[in-house]
Structure formats: structure tokens, C-alpha cells
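Protein sequence lines correspond, in order, to chains G and V.
Heads up, the first sequence is in the numbering used here, so the first residue is 10 and it goes up one at a time.
Heads up, the second sequence is in the numbering used here, so the first residue is 492 and it goes up one at a time.
The reader is advised that the hints may include incorrect statements.
As the list claims (entries may be wrong) - Below are the EDC-like pairs computed for lysine to aspartate or glutamate, each with C-alpha atoms no more than 16 Å apart in a straight line:
| no. | chain 1 | residue 1 | chain 2 | residue 2 |
| --- | --- | --- | --- | --- |
| 1 | V | Lys915 | V | Glu869 |
| 2 | G | Lys69 | V | Glu869 |
| 3 | V | Lys905 | G | Glu20 |
| 4 | V | Lys883 | G | Glu71 |
| 5 | V | Lys905 | V | Glu874 |
| 6 | G | Lys13 | V | Glu874 |
| 7 | V | Lys552 | V | Glu540 |
As the list claims (entries may be wrong) - Derived list of chain V stretches under chain G, where covered just means 3 residues or more per stretch with a C-beta under 8 Å from a C-beta of chain G:
| no. | region |
| --- | --- |
| 8 | 787 to 796 |
| 9 | 900 to 906 |
Said to hold, decoys possible - Pulled from the structure, derived: some chain G residues nowhere near chain V, Cβ distances all over 12 Å:
| no. | residue |
| --- | --- |
| 10 | Val17 |
| 11 | Glu20 |
| 12 | Lys22 |
| 13 | Thr48 |
| 14 | Glu50 |
| 15 | Arg55 |
| 16 | Lys69 |
| 17 | Val74 |
| 18 | Val77 |
| 19 | Arg125 |
Hints are computed from structural coordinates only; laboratory data are not their basis.
Note that the Cβ used here is the ideal one computed from N, Cα and C, for glycine as well.
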Amino acid sequence: MEVKQISVFLENKPGMLTEFAKILQKNDISMKALCLAETPEYGVLRIIVDDNYKIATVLKDEGYVYRVTPVLAAVIPDKPGSLVKILDVLAANDINLEYTYAFITREKDEAYIIIRVQDTEKANKVFREAGIKLLSQDEIDKM
Amino acid sequence: MNNCYQPDIETAPREQIKAWQDERLVRTVKHVYDHVEYYRNKMKAIGLEPGDIKSTEDLYKLPFMSKDDLREAYPYGLLAMPLKDCVRIQSTSGTTGKRVVAFYTQNDIDMWDECCARALVAAGATPEDVVHVSYGYGLFTGGAGFNGGSHKLGSLTLPMSSGNTDRQIQFMTDLHSTILCCTPSYAAYLAETICERGLQDQIDLKAGIFGAEAWSEEMRHDIEDKLGIKAYDIYGLTEISGPGVSYECQEQDGMHINEDNFIAETIDPKTGKPVPDGEKGELVFTSITKEAFPLIRYRTKDICILNNEPCACGRTFKRMSKPLGRSDDMLIVKGVNVFPSQIETVLMNEGYPANYLITVTRENNSDKIELQVEITNEMFSDELSEVSKREKKLVNALKSMLGIYVDVRLVAPKTIERSEGKAKRVIDKRNI
Chain G
10 MEVKQISVFL ENKPGMLTEF AKILQKNDIS MKALCLAETP EYGVLRIIVD DNYKIATVLK
70 DEGYVYRVTP VLAAVIPDKP GSLVKILDVL AANDINLEYT YAFITREKDE AYIIIRVQDT
130 EKANKVFREA GIKLLSQDEI DKM
Chain V
492 MNNCYQPDIE TAPREQIKAW QDERLVRTVK HVYDHVEYYR NKMKAIGLEP GDIKSTEDLY
552 KLPFMSKDDL REAYPYGLLA MPLKDCVRIQ STSGTTGKRV VAFYTQNDID MWDECCARAL
612 VAAGATPEDV VHVSYGYGLF TGGAGFNGGS HKLGSLTLPM SSGNTDRQIQ FMTDLHSTIL
672 CCTPSYAAYL AETICERGLQ DQIDLKAGIF GAEAWSEEMR HDIEDKLGIK AYDIYGLTEI
732 SGPGVSYECQ EQDGMHINED NFIAETIDPK TGKPVPDGEK GELVFTSITK EAFPLIRYRT
792 KDICILNNEP CACGRTFKRM SKPLGRSDDM LIVKGVNVFP SQIETVLMNE GYPANYLITV
852 TRENNSDKIE LQVEITNEMF SDELSEVSKR EKKLVNALKS MLGIYVDVRL VAPKTIERSE
912 GKAKRVIDKR NI
């Protein structure tokens, strides 16, 4: 059970993120989670949105360089120590974490961890065996 | 003051210089016609025979040579002597990555060394001096030329080569170097470092000869003040021999062309017609004493002014101005020849789009070259390490093609301006 992350190339200069956010606004695309990794010259914006088909079309039209990446969205209780359990499972199964970021919603007492690993399938399996709940794309879209 | 390495030649009457040039030109034309098919074909194509060239007045009849000819004839096509008589090659980068290779017999090396010795003596060097050569050694002509010139003169020669500034300064202070030879930007960097470390008192330099790249009068004064020396310019190119094709005297007012070995002309780059002395034109050289690799009417693409006025130093050799620009798109960055077409080749080989922008700047007297490239979906990854790995691969490919570090900057697609006609590929912000 994986979800799609949209990774976008942005130059590291004033106004680039604004420009991008305005395009989402104009097209009524809602962002669920956002993470920006940057170098002095450029950044990689990673986002989870509610409509992957629409954003892919829009980004293509607007001429952005982007990539759709499979990631896992783990559900954890919003309290201290929850993350440790997830990381332990990955470490115990020798899975290297490429990057991770988190988000919460207002409705539930849950937090969501976006996890990027090389072998998504394997991580999926070990999480299931450890009883860790993963969100589906459908669930994300409805949030 | 009239310090010449070979006063009989360097201050010879103009008539004598003309007589040498007439005789040597005729001999060289016959030599290449007899031994180089490429020249023979070029001359035959326009119905020219060696007998038609009787003096320098006939020079204009000869066809031009350019870097394209060198590329076409690469590597051995212009060699005018049997390989057994050749003792050395030197090389420089060419327009599309193919290098220019020049051959030397021992006589050619001796002539080149002599030219460099003249430059050293004009800068005040004597056999008592310690000549510190910080030009690169190897295929580049800078190190080899000054090394040979200094040997010829009998000075103690320090074959430092470029880089390793700490070691440069240590040798300079410990061995009391008196003449520094390097690129002007490296001289400026050394001067700055020496001042920063407060070592001015321990430096015994009296003069420097700085060439292989463009530099301004401000830069000259800056280096002279910081190091307490006289700074001299020098000009040369591998195709013709290397540094020492022309050199500055104590008047520091133009570079004397070694006219016993090279005939200089200036032409209109568009029409190829001669331009009178005193006016801007593309510099064209004919080497008239070289054996292995003589070049006839070689278009340097450097825009210069020739000056035939007598010089206060007593030398009678014609002078040339610093190159004022180029008639092609070649850039000289850190003393290295860079053609945009070379960068284009690397981009294509590495799978990048051919839309790019080169920006050259000079910070703290050192050249910097930045290359903006548009990123594509294929090159992009959600992981920074992947993107920077690809970027690094491109940097390495550029370095191996050009020999210098290029600061690559990935930009978003369609951000580099496209123009209808010839795209603007180069922005040179250096004020020189």
C-alpha cells in the first residue's frame, strides 16, 4: 500500500515557491504534506496532494520538471515514542531510510509519517507484519 | 638602458629585419610546399607555386591557415619534417575538443627558448637571477617555454609548475626567487596571499612576466604595488611556438614581436584584406624559421593593433598591443582556451539539452566560469544526492574536456533565453 509523492525541481531563488503554490491554488489542488530539501542552487519540493492526475497534468503544462515517487504513509499515534517503533522495524530489516517527513490532521489523534526507501515493497511487507497501519492513496485523497 | 639578450638581432636596422624576413619566408614556403601535402594542395588550388613568393611583399598571395586546418590535418598532416628529427610536442585545446598538436625539432626548441630568453632579459633577468616558473608544465607551453628560456639565459630555474601556493611561497622566500613567471591572475593571487601573511619583506622578486590571459593596467599596477616589482606582459600561442612570440620591454608599451622568426600582419577578419599598422585588425602570423611545424598566415583570431614606431628601449622589432578581443567566440579562462562548442559537445555526450549559458566573471583577480544548464525530467530525481551526483559527473566531464573547473548550475526548463537567430551563449563580465 503505497502513496504517490510529487517531487518538483525548484530553483533556489526568491519567489519560486510562491509561483508554484499559486499554480496549485489556481487549479484547486490541496496539499496534504510538504517537505523542501535544498542546496544553495536548487531545491527538491516533495509534496503529497489530493489529486495526482490533475497535478501531473498541470505541472506538465506549466513546464515543471517533476517526478512521481512511490512512498509509504505510516499511521502512528500522535505521542512520544511512536516514531521509534517504525524506525526500529526498518533498522531490524536492514532497510535504509532515504528521507522522511511528517504531517497531522485536525480530525484524528494520529500522525502520519511519509517514508521513502529504495525497496518500497519490502518495507510494506515488514510494516504489515509489525502491525503498522499504512494509508492508501484513496484515504489520503479523502482527508 | 638597453638590456637585450641578442642586441644584434633585437635592435637590428629595419632593412636588415626585412631582408631576414624575405629570405626566410621564401625558404619556408618552399619547405612546406616540398614536404607538406596539405600546403601543396592548398597552394595548387589557387595556382600558386613557391617561385611566386619572392619576398614579404608577396605574403598576401598565400592562403590563410586557421584552427580548422589544424583540426583537419590532425595529428600529423602538417608535419614538415621526418618524425626522427622531431623531439617534442606541445598541445592546446581545439574548437570541438580535438586538440591542437604542435611539433618541434631541436632547432625549433632552441629558437623558442631564445625568444623566451629575450623576454626574460627584457624584464631585467641575468644569469644571476632565480627564475620562478609557476606556469603549468606538461602539454601547456607556459612552463616549457619559460623553463627553456631561463636555461638558455643561464639563470637558476625553479620548475614550480602551477598550484600549491604554500610551496610556491616557501620556495620564493627560501630560494630568493627574483623573477616570477605565471598567469597574471595567479600572480595577483600570490601577491594577495603574500600581503595577507605579511611576507612582503621576505620576498626578493624584482620582476614578473605574466601572460596567457588578458589583464588590465589596473591589475598590473596592483601586482606591481603589492609585490614591489615591475610586471611585464608576454604573448604567444602553441600553434606558432608558445610564449615569447612577442614580449614587453621596460617601456611597458606594447609587445615586441620576434620578427626574425615571425611575420605579423593584421587583417580585416571579414574580408581578409590587410589593415595598416596603427589600426585594429585580426593578428596573423607566419613562422619563418620553424622546421617541424611552420604555419603560413595563421589566423590567431586575436584582435590587435600593430605599432611600427621606434621604441625608446632601442629594439627595432614592431610592437603589438594587448589582444583587444577575439574575432571568434573563444574565451580565455584562467589562461585556458575555452570554446562554447566544446561545452556543447560535453552537454550532448552527457545527455543534456544544448541550451546553456556561460557566464565568466573575475573575482579577486581570478576567473570563474559558470555554466547554466536546464534540467530535464530524465535527469531529475526526488533525491538531492542523485541530482548532485549527475551534476558532479557533468563537472568532471567538463574538466576533462577543458582542463578547468566549471561551476555548473542547474536551472528550471525554459529559463535560459532563446532567441530567434544566434543564441547568446556567453556573458563575459570581466572588465579587461
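Quick rundown of the hints versus the structure:
1. In summary, the hint linking Lys915/V to Glu869/V is not supported, as the alpha carbons are separated by about 25 Å, beyond the 16 Å threshold.
2. Between Lys69/G and Glu869/V the alpha-carbon distance is near 14 Å, which keeps this suggested pair within the 16 Å criterion.
3. Between Lys905/V and Glu20/G the CA atoms are separated by roughly 12 Å; this keeps the pair inside 16 Å, and the hint holds.
4. Among the hinted pairs, Lys883/V with Glu71/G is inconsistent with the structure: their alpha-carbon atoms are about 28 Å apart, more than 16 Å.
5. As the CA atoms of Lys905/V and Glu874/V are separated by approximately 22 Å, the hinted pair breaks the 16 Å bound.
6. Between Lys13/G and Glu874/V, the direct Cα distance comes to roughly 15 Å. Compliance with the 16 Å bound is thereby established for this hinted pair.
7. Using a Cα cut-off of 16 Å, the hinted pair Lys552/V and Glu540/V holds, with the two alpha carbons roughly 10 Å apart.
8. With 0 residues having a Cβ less than 8 Å from any Cβ of chain G, the region 787 to 796 of chain V misses the three-residue criterion, and the hint is violated.
9. Beta-carbon proximity to chain G at under 8 Å applies to 7 residues in the region 900 to 906 of chain V; the threshold of 3 is reached and the given coverage holds.
10. Not every CB of chain V lies more than 12 Å from the CB of Val17/G, the least distance being 9 Å, so the non-interface label is violated.
11. Once the 12 Å rule is applied to beta carbons, Glu20/G is inconsistent with being away from chain V; the minimum gap is 5 Å.
12. Separation of Lys22/G from chain V is inadequate, the least Cβ-Cβ distance of about 10 Å not exceeding the 12 Å criterion.
13. Some Cβ of chain V comes within 12 Å of the Cβ of Thr48/G; the nearest lies about 6 Å off, and the non-interface call is violated.
14. Non-interface status of Glu50/G relative to chain V is broken: a Cβ of that chain comes within 12 Å, the nearest being about 5 Å off.
15. Separation of Arg55/G from chain V is inadequate, the least Cβ-Cβ distance of about 6 Å not exceeding the 12 Å criterion.
16. At roughly 9 Å, the least C-beta separation between Lys69/G and chain V is not larger than 12 Å, which violates its mark as non-interface.
17. With a minimum CB-CB distance of about 5 Å to chain V, Val74/G fails to clear the 12 Å threshold, and the non-interface call is violated.
18. Non-interface call for Val77/G relative to chain V: violated, since the shortest CB-CB distance, roughly 9 Å, does not exceed 12 Å.
19. The Cβ of Arg125/G does not lie farther than 12 Å from every Cβ of chain V; its closest approach is about 7 Å, which violates its non-interface assignment.
Going down the numbered hints, you'll see the structure goes against 1, 4, 5, 8, 10, 11, 12, 13, 14, 15, 16, 17, 18 and 19, while the others check out.
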